[in-house]
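Chain order of the listed sequences is S, W, Z and H. Note that the first sequence ends on residue 327 in the working numbering; no numbers are left out. Note that the second sequence ends on residue 327 in the working numbering; no numbers are left out. Note that the third sequence ends on residue 1547 in the working numbering; no numbers are left out. Note that the fourth sequence ends on residue 1547 in the working numbering; no numbers are left out.
Please note that the accuracy of each hint is not assured.
To be verified - Computed spacing ranges between beta-carbons, pair by pair:
{"#": "1", "chain 1": "Z", "residue 1": "Ala1455", "chain 2": "W", "residue 2": "Gln324", "range": "42 to 48 Å"}
{"#": "2", "chain 1": "S", "residue 1": "Ala317", "chain 2": "H", "residue 2": "Ala1373", "range": "52 to 58 Å"}
{"#": "3", "chain 1": "H", "residue 1": "Glu1295", "chain 2": "S", "residue 2": "Val230", "range": "56 to 62 Å"}
Unchecked claim - To give a feel for the contact side, a few chain H residues facing chain W, derived at Cβ under 10 Å:
{"#": "4", "residue": "Val1325"}
{"#": "5", "residue": "Pro1336"}
{"#": "6", "residue": "Phe1355"}
{"#": "7", "residue": "Ile1357"}
{"#": "8", "residue": "Cys1513"}
What the hints assert, rightly or not - To list a few chain W residues with every Cβ distance to chain H over 12 Å, as calculated:
{"#": "9", "residue": "Gly21"}
{"#": "10", "residue": "Thr39"}
{"#": "11", "residue": "Leu43"}
{"#": "12", "residue": "Gly54"}
{"#": "13", "residue": "Gly61"}
{"#": "14", "residue": "Leu90"}
{"#": "15", "residue": "Glu92"}
{"#": "16", "residue": "Ile93"}
{"#": "17", "residue": "Val101"}
{"#": "18", "residue": "Pro125"}
{"#": "19", "residue": "Asp146"}
{"#": "20", "residue": "Ala184"}
{"#": "21", "residue": "Thr186"}
{"#": "22", "residue": "Ala235"}
{"#": "23", "residue": "Gly245"}
{"#": "24", "residue": "Glu274"}
No wet-lab data here; the hints were simulated from the structure. Computed from a predicted structure; not experimentally measured. No residue lacks a Cβ here, since even glycine has one placed at the ideal position from N, Cα and C.
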Amino acid sequence: MSLATRLSPPALDDSRGAFFDARPPASGDVDLSVTIGSLTLANPVMPASGCFGPELGRLIPVDEIGATVTKTVFAGSRGGNPAHRLTEIPAGMVNSVGIPSKGPRGYLSDLHPAYAELGVPVIISVGGHRPDEYAPIVAELDAAGAAFEINVSCPNLDRNGVDIGADPDAITQVVESVRAVTDKPLIVKLPPMVSSIVDCARAAESAGADALCVSNSVPALPLDSVTLRPALGNVIGGLTGPSMRPIILRLVWLTSTSVQVPVIACGGIETANDALEYFSVGARAVQVGTASFSRPYAMVDIVRELTQRCRAAGATTVAQLVG
Amino acid sequence: MSLATRLSPPALDDSRGAFFDARPPASGDVDLSVTIGSLTLANPVMPASGCFGPELGRLIPVDEIGATVTKTVFAGSRGGNPAHRLTEIPAGMVNSVGIPSKGPRGYLSDLHPAYAELGVPVIISVGGHRPDEYAPIVAELDAAGAAFEINVSCPNLDRNGVDIGADPDAITQVVESVRAVTDKPLIVKLPPMVSSIVDCARAAESAGADALCVSNSVPALPLDSVTLRPALGNVIGGLTGPSMRPIILRLVWLTSTSVQVPVIACGGIETANDALEYFSVGARAVQVGTASFSRPYAMVDIVRELTQRCRAAGATTVAQLVG
Amino acid sequence: MSSTGTAGLEGLVRVRPPETGLRPEPTWDEAEVVAHEVIGGRYHRLVLHSPSIAARADAGQFVMITVPSAPGERVLLPRPMAIHRRRVATGDLEVIFNIVGRGTDVLARAVEGDALLLTGPLGRGFEVPDGDGPVLLIGRGIGVCAVMGVAEDAQAQGVPVLAALSGRTRDTVIGEADCDELGAEPVIVTDEDGSSAIEALETILRTRLDGTPPRVVMVCGSGRLTRLAVALGREWNVPVQVSLEAHMACGVGYCHGCAAPIAARDDVEGPLVCVDGPVFDAGDFDEVA
Amino acid sequence: MSSTGTAGLEGLVRVRPPETGLRPEPTWDEAEVVAHEVIGGRYHRLVLHSPSIAARADAGQFVMITVPSAPGERVLLPRPMAIHRRRVATGDLEVIFNIVGRGTDVLARAVEGDALLLTGPLGRGFEVPDGDGPVLLIGRGIGVCAVMGVAEDAQAQGVPVLAALSGRTRDTVIGEADCDELGAEPVIVTDEDGSSAIEALETILRTRLDGTPPRVVMVCGSGRLTRLAVALGREWNVPVQVSLEAHMACGVGYCHGCAAPIAARDDVEGPLVCVDGPVFDAGDFDEVA
Ligand SMILES: Cc1cc2nc3c(=O)[nH]c(=O)nc-3n(C[C@H](O)[C@H](O)[C@H](O)COP(=O)(O)OP(=O)(O)OC[C@H]3O[C@@H](n4cnc5c(N)ncnc54)[C@H](O)[C@@H]3O)c2cc1C
Ligand SMILES: Cc1cc2nc3c(=O)[nH]c(=O)nc-3n(C[C@H](O)[C@H](O)[C@H](O)COP(=O)(O)OP(=O)(O)OC[C@H]3O[C@@H](n4cnc5c(N)ncnc54)[C@H](O)[C@@H]3O)c2cc1C
Ligand SMILES: Cc1cc2nc3c(=O)[nH]c(=O)nc-3n(C[C@H](O)[C@H](O)[C@H](O)COP(=O)(O)O)c2cc1C
Ligand SMILES: Cc1cc2nc3c(=O)[nH]c(=O)nc-3n(C[C@H](O)[C@H](O)[C@H](O)COP(=O)(O)O)c2cc1C
Ligand code: FES
Ligand code: FES
């Protein structure tokens, strides 16, 4: 319903005008493009699933980022978790939104049109409770997505609370089944809390993934320090934000040195410099989540600054910059 | 060599005198004791391995804490990792000290005498690269330790970089072999980054552990944000401190509801309130690491405040306080 | 907004029917801190220069304020704050807040001349229906800030306003000066003299209204007061609008952090406080617990 | 301490033979900030009231300063700082620091009357050998602070001191006033006039010493200057002592965070800068890279 809100145009003295207009000159000199399977993105900056919606298009020039990523779409309708769904901790936040979803049909009718209007490739995130839930969703959304992000980091009700994404065999099953129903590029988004992320990454690659996203949020149980009761309605949530960065940097380093496909880094990225940290350990693209909440223009700033830093260093690609 | 340093007595106007003297009245009313196998500790507060040494006995009244825990002792001599071994990040620090060790013999001759003088039970932490390295060390140290903490969270050179502690079978092997050579209580210290900590916890319990310590530090790769080079000589280190707390709270909750033996919480504990957070999710004792660096008296403060908070609430045990 | 968040309001509120007018498009803005003072001994009043937001905000809308980073410390999520006053002539808006945690603690250290990043105006505000009688505003504590914009609009439209301003003590009651400035009739009730008790307040309001029911009741800041408003609204057969709070991350509708716990079914999400609210209709009387 | 940490000093330094005297027992103390001023345009000078530490510290020892927590996020590790001056009469000690990161940034906001938690005195300081000739101190930048305690002791013992104080510009050189106060002879050399270049400094030192070799050279703050000191020390056949830096957590010897990369073998740990140092002997000349 949020997207149906009818809005008046912004006032003319709108301060964001300058930001919208301040596009850096077309960058014939700098090539930020990145290729994921058959899809080439103009630049390597995109939102993290669940941390973006077409609503943000009102606040920033979305066409400057490389792609959009939808919130994870599940097979059925889900209401999501009880309140509170968010809390903040030092250098991080924990959410237990619980992935409300209206299913693929609801996505196509209520959400996709607004995504499609934004003018950048739409990567549709798909989730499931069981390995066999993924392929039907992707099949139904095949025409809509420029690529799919396979979110295997959801608690799997069949498997004793262990993530699908913690089990290389389950990953293989999911990715092979999805690969069978689409030719679109597949990004597999892994969970961080696994015994061997390298085994998970290799399983995804062998089963046909065109890229990996490393990683989802870190499971956590924040307490209200006064009441000593769980701070979130769902008790457990996902920790995100800058305090995760060194944890995820290690995982990106481990995976990017173990697979051939590009690794998209996700975890605590707030600035172009944070993105460069990930590029320097092998990432080829980045996703921005938590940072957009406080600074809606964080992604656009990163794209612009990456361009500028390449120029300033006389580099034509980010690879040269961190090489 | 550090312990051999000969020191002059502190000056009389020593400000810590008041702290040393400020012991709370003997607590017939409050019972903070905790039992680990055959060992009963006066209270549930102890240092985290590697974050304590007899040197701290010069700064705080160590006999007020429940136990001491040694730095992990390995079979052979190890020099530890190259500099830098420490760095700080928002709400956390990362260390790659690398566990320098002089082996069990070196421990007995150079370190144990000073530990033994402190007047509280000495829990000796033991580590290994392979499952078969543990039992001989414990056998050699059996007479010295009041209990042993089996640190299975060390990178295992035999197993492709995967922790011994991430593999329930390897845990079983380690714990059974150690159980065979000692009757002293065994605490198994688990790593946090595992696919199913519950499986690891159950394996340790079945193999004869008397308690679990949850958990060791979170593997991380901090970069120097200016040079974009690794901030630590060893590239990878362990993240500790308050930003881990919600991550470890979840693991303590998961394990303490899955095993019968007591769970000792370790991760980001700075205050009595932090300890109470862990008690409220099922922990029976706590270890304090990073917090002691900035506030050497952190552990003693926690013991004193737990006593006071019990009294203030009319509780005779911590369990009543968080019940 | 309710001091208890949305807890206990299940069934008490519902999303209003689709609005007929256009809602102002949100923007973000680096707003200069024009003034910062402590009022009522504990509240921080910030005057922020943001013509684009001040000029367009509807009564009852809010802003997300990004907490500036101080060295050695950062607060990650922006903080939602009601737009207490819109001063279109000077391009300023006012927010008043309470220090309750890390974020407001850092905000309280903003000084004149600082720039604060605002996103707004956000959410769906109050809507004054046509009709007779005054508008009855009921605010408690910081909740007064959510409703004061209505008094600004009412003054412009010549609609009389009766504003019940509740607080613990006389000097912590917010909004009296605003009422004076806006020609609204303030009713100050406090815990210390007992006048803020539900029965006492009800009696005072009936006396002041003197038999003329208001055309609408708008309430924020207390579950108890919301229940009173609903009861009176039913008796008078007038609409009751209530402003709620929820923990928020994005403020514009995409993070789904702020769903109110008032969904009809388990597989349907509750309305989002940031875009479907923060102002909701009070529910059918039958739904009231 | 070296601006490059211990990097590049492998083989250049070694642990000194066991000390003969007793080392002061460390303690922790809530020290009051007695004064805080910015000097040389960029350095922060803190005067801290801590009689128990000031009265007992040896020259070249250091303190760990716990960074006070600001609301919000905190700096976790204490910061090692040389004890620049010990003022036993007033019970104060002085530290001078540079803002280089998060920790020093927060420390720079300490104001008079604040309490700072100190642990100290720590480490093994400089040891002035018996002998003839003056003590030659060489300090660069903030490294001057590590050696100034030696000038304090030398004054008490009537030993002459020649202190080479190096810095980028004239006004950022630390220690001139201290030398005046302590009767030490300062030699100010700077990058801006070229006098801090190794050859220039060597010439200046030889001229000032006028053929009388010092009894000891003590150096801190620069790898280049350390190499110069080692070369001169060898020529004169006098001991050279150098103060090093390392990232530290505990400061007292148990965390093993500060091992210097100068171990003889892979399976043996390097000396701990916090207890075996921060002052080391310069190594055999043959070891110098
Ligand atoms: C639409 C709306 C308007 C508001 N208007 C005002 C106002 O005018 N004046 C005022 O003082 N307060 C107002 N609030 C409440 C204000 O947002 C919270 O007091 C503030 O976010 C607390 O932040 P903190 O860091 O100090 O507290 P903490 O408790 O440390 O916050 C931790 C997290 O919980 C969130 N949180 C905590 N309490 C609340 C709450 N009551 N509502 C929403 N999020 C919360 C914070 O945003 C943060 O993400 C409003 C809330 C909403 C939703
Ligand atoms: C024995 C000793 C004495 C010192 N005396 C002084 C002094 O008198 N004046 C002064 O300005 N500085 C001195 N230093 C250096 C000072 O400790 C660092 O500049 C300071 O710790 C930097 O902290 P930060 O948070 O500002 O920097 P950051 O770079 O943000 O610090 C990150 C981490 O690295 C550590 N670190 C960074 N640089 C250094 C360094 N050079 N040495 C040790 N740890 C470092 C910090 O302690 C912290 O744990 C001394 C260091 C040592 C070891
Ligand atoms: C409010 C919120 C909702 C999220 N929803 C999803 C989701 O639906 N699917 C998903 O794969 N990840 C989701 N995530 C995780 C993010 O995509 C991302 O992995 C995580 O936030 C780490 O990035 P960050 O540190 O930049 O925020 C969500 C994160 C947040 C904060
Ligand atoms: C400097 C340092 C050294 C450590 N050495 C060891 C060790 O030898 N053995 C071990 O099991 N854990 C070691 N740890 C991990 C701690 O015991 C503890 O698990 C971790 O610090 C989390 O607790 P904290 O957040 O309170 O610091 C070390 C931690 C630090 C910071
Ligand atoms: S705050 Fe993000 S959807 Fe409401
Ligand atoms: S700083 Fe801890 S051993 Fe040196």
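Each hint tested on the structure:
Look at Z:Ala1455 against W:Gln324: about 36 Å separates their beta carbons, and that is not inside 42 to 48 Å. For the pair S:Ala317 and H:Ala1373, the beta carbons lie near 46 Å from each other, so the given range of 52 to 58 Å is not met. Between H:Glu1295 and S:Val230, the C-beta spacing of about 41 Å breaks the proposed range 56 to 62 Å. Satisfaction of the interface hint for H:Val1325 is found here, the shortest Cβ-Cβ separation to chain W being roughly 7 Å, below the 10 Å cut-off.
Given the 10 Å rule on beta carbons, the hint for H:Pro1336 holds: about 5 Å separates it from the nearest Cβ of chain W. At a threshold of 10 Å, the smallest CB-CB gap from H:Phe1355 to chain W is about 16 Å, leaving the interface hint violated. Interface restraint check: H:Ile1357 against chain W, minimum CB-CB distance 15 Å, threshold 10 Å, status violated. Because the closest C-beta pair between H:Cys1513 and chain W is about 7 Å apart, less than 10 Å, the hint holds.
Remark: the non-interface label on W:Gly21 conflicts with the geometry, its nearest Cβ contact in chain H lying 9 Å away (cut-off 12 Å). Annotated as non-interface, W:Thr39 keeps its C-beta farther than 12 Å from every C-beta of chain H; the closest such distance is 27 Å. Listed as outside the interface, W:Leu43 is consistent with that label: its C-beta sits roughly 23 Å from the nearest C-beta of chain H, beyond the 12 Å cut-off. Residue-level check failed: W:Gly54 sits 7 Å from the nearest beta carbon of chain H, not beyond 12 Å.
Once the 12 Å rule is applied to beta carbons, W:Gly61 is inconsistent with being away from chain H; the minimum gap is 10 Å. Its closest Cβ contact with chain H, about 4 Å, brings W:Leu90 to no more than 12 Å, contrary to its assignment away from the interface. Here W:Glu92 does not stay apart from chain H, with its beta-carbon only about 5 Å from theirs, under the 12 Å limit. The beta carbon of W:Ile93 is not kept farther than 12 Å from every beta carbon of chain H, the shortest such distance being approximately 9 Å.
Here W:Val101 does not stay apart from chain H, with its beta-carbon only about 5 Å from theirs, under the 12 Å limit. The beta carbon of W:Pro125 is kept farther than 12 Å from every beta carbon of chain H, the shortest such distance being approximately 18 Å. With a least CB separation of 24 Å from chain H, W:Asp146 remains clear of the 12 Å interface cut-off, as annotated. For W:Ala184, the requirement that its beta carbon stay farther than 12 Å from each beta carbon of chain H is met, with the minimum near 29 Å.
The non-interface label for W:Thr186 is consistent with chain H: the shortest C-beta to C-beta separation is roughly 25 Å, beyond 12 Å. Against chain H, the non-interface label of W:Ala235 is violated: not every CB pair exceeds 12 Å, the least being about 9 Å. With a least beta-carbon separation of about 5 Å from chain H, W:Gly245 fails to lie farther than 12 Å from that chain, contradicting its non-interface assignment. Once the 12 Å rule is applied to beta carbons, W:Glu274 is inconsistent with being away from chain H; the minimum gap is 9 Å.
In summary, the structure is inconsistent with hints 1, 2, 3, 6, 7, 9, 12, 13, 14, 15, 16, 17, 22, 23 and 24 from the numbered list given earlier, while agreeing with the others.
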